[in-house]
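Q: Given these sequences and hints, build the entire structure.
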Amino acid sequence: MSADRLKSVCWDIVRKGWLLALLMFLWWLVTAAGWADPYKLPSPGHVLSTLGNLFTERALLDDLGATLLRLVEGWAIGVTAGVLLGLITGGSRFLEDGIRPVIAGLQAVPTIAFLPLAILWFGFNGTAVLVITAFGTFKPMAISTYSAMHQVSPTLMMAGRAMGARGLFLQRTLVFPAIVPNLVTGLKLSWSFAWRALMAAEIVVTGAQGLGGVLELGREIGAIDVVIAVILVILVVGIVTEQLFFTRLERWVNRRWGLTGAR
Amino acid sequence: MAPALRVNAVSKTYARSESPALTPTSFDVEPGQFVSLVGPSGCGKSTLLGMIAGLITPDEGSIEALGELVTGPGNGRAIVFQDAALFPWLTLERNVEYGLRAHGMPKAERREKVAHALRMVHLDHVADKHPYELSGGMRQRASIARALVLDPEILLMDEPFSALDAQTRTLLQDELQRIWLETRPAVVFVTHNLIEAAFLSDTVHLLSSSPGRVVKTYDIGIPRPRDEADPALLDIRHDMLERLRAEVDDAALRRAEFAEVTEVGA
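Chains as they are written, first to last, in my numbering: chain A, -1 to 261; chain B, 9 to 274.
Read the hints as simulated data drawn from the structure, not as lab findings.
Any given hint could turn out to be false.
What the hints assert, rightly or not - Computed spacing ranges between beta-carbons, pair by pair:
id	chain 1	residue 1	chain 2	residue 2	range
1	A	244	B	124	53 to 59 Å
2	B	112	A	246	33 to 39 Å
3	A	190	B	79	46 to 52 Å
Glycine included, every Cβ here is placed at the ideal spot set by N, Cα and C.
A: Dropping the structure here:
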């Protein structure tokens, strides 16, 4: 039994990791064979030792912490505001007709385009970066929320109304829980938007501690190994949050909402 | 005694449709009476039920429930849908409780009524399960409990058993008969199954399509509890089939109804 389990875990790693392993091998091959200019593409070993140095000498952990804190803060603020505005928007035809085109228009503009404005309003500091992150989160979250409200099953709505639910009670006990599976998708989507906005803003606002600042420093001093090392860190953070948080959340919600595992 | 429900010359024509979904139709439902609307697809039976539920507005005519003009859902009427339409994020208990919460009933009182309703449909042992953990028949029983817990004077049922397998369907028909004998709401029951309608009802309105209308009304005087294999029921079903065949006057309609007849003829 446990041998079978071990076998299935190994197979899982092979199945999910083969492309990554191949890419790493090619990277190593290209650098080891001397086909690439080490200034433009350092070897994997070199990048790894730089990464180690960054953590021990430049206290990259502090930068990572600052970035993650900002990400979570900005995302949480943006999610809250987005869901609230989405619920208000989807709750009334009049409000929706007015608000929807504005949000859709804002979403068509890359969030980073608002950074100069944020810097002028909030200063060349972490606050401006946080505001941009929250704003980047807010737009897709609001859109996910009000779009989901249109997809609530008409039969469930009829059932709720027929049982006497109306107004705020109907919104709170029927519409909101009904859109939760869509909101989880919105959370994932807005998380990736938050990351993009945050990185772009941190690269510009170098005064603030964070991974973006390290990336920009690497470019400035021509240390491509630093740049690649930081990209790897961001990649790992992305994979870890996806696997540890979003995938589990999604699985739980889908099961509880009867979207999978139904008899 | 005043009727529980008075349907007064209601009609409906949907946009982009040549023939009326329902031509002016009238009937009364007495308190505690079990009435079925039966007929092939497109005969207007679901439209009629939707109007009684207050979910569809008639073009002409009016409906009175318990002496009040119907303008929306509620007012002593509860409805059971074809797919149970339970809220998937709530346990059965919480699903059954929902209507009571909507009416602002205090918690202690709710608990007692919910437990009673679940016992009535024999689901008290799975009260804390979620709908996805249950079979289709159990889900439909839960949705009946959800309607009954509101103590409706009028219970509306829109093809509640048509998505179930034949055995489950028979079991639930028996259970519905028993529950109705215990609680005695007025019932309007929509189905395309002729024998089901005859088995359950005091009165069956047989409808036909293009345009949707009542073609014949049957009063079923067989004493309860009834047996589905009762020859008297089979006679009534036979008469209904004859009547529906007589209504078939063009080929397109004949094809449409043939599908229905083979479905219910099993």
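Q: Take the hints in turn and mark each one as holding or not.
A: Status of each hint after checking the structure:
1. 244/A with 124/B: 53 to 59 Å: Once the Cβ atoms are compared, 42 Å apart, the range 53 to 59 Å for residue 124/B and residue 244/A is violated.
2. 112/B with 246/A: 33 to 39 Å: holds (37 Å)
3. 190/A with 79/B: 46 to 52 Å: holds (47 Å)
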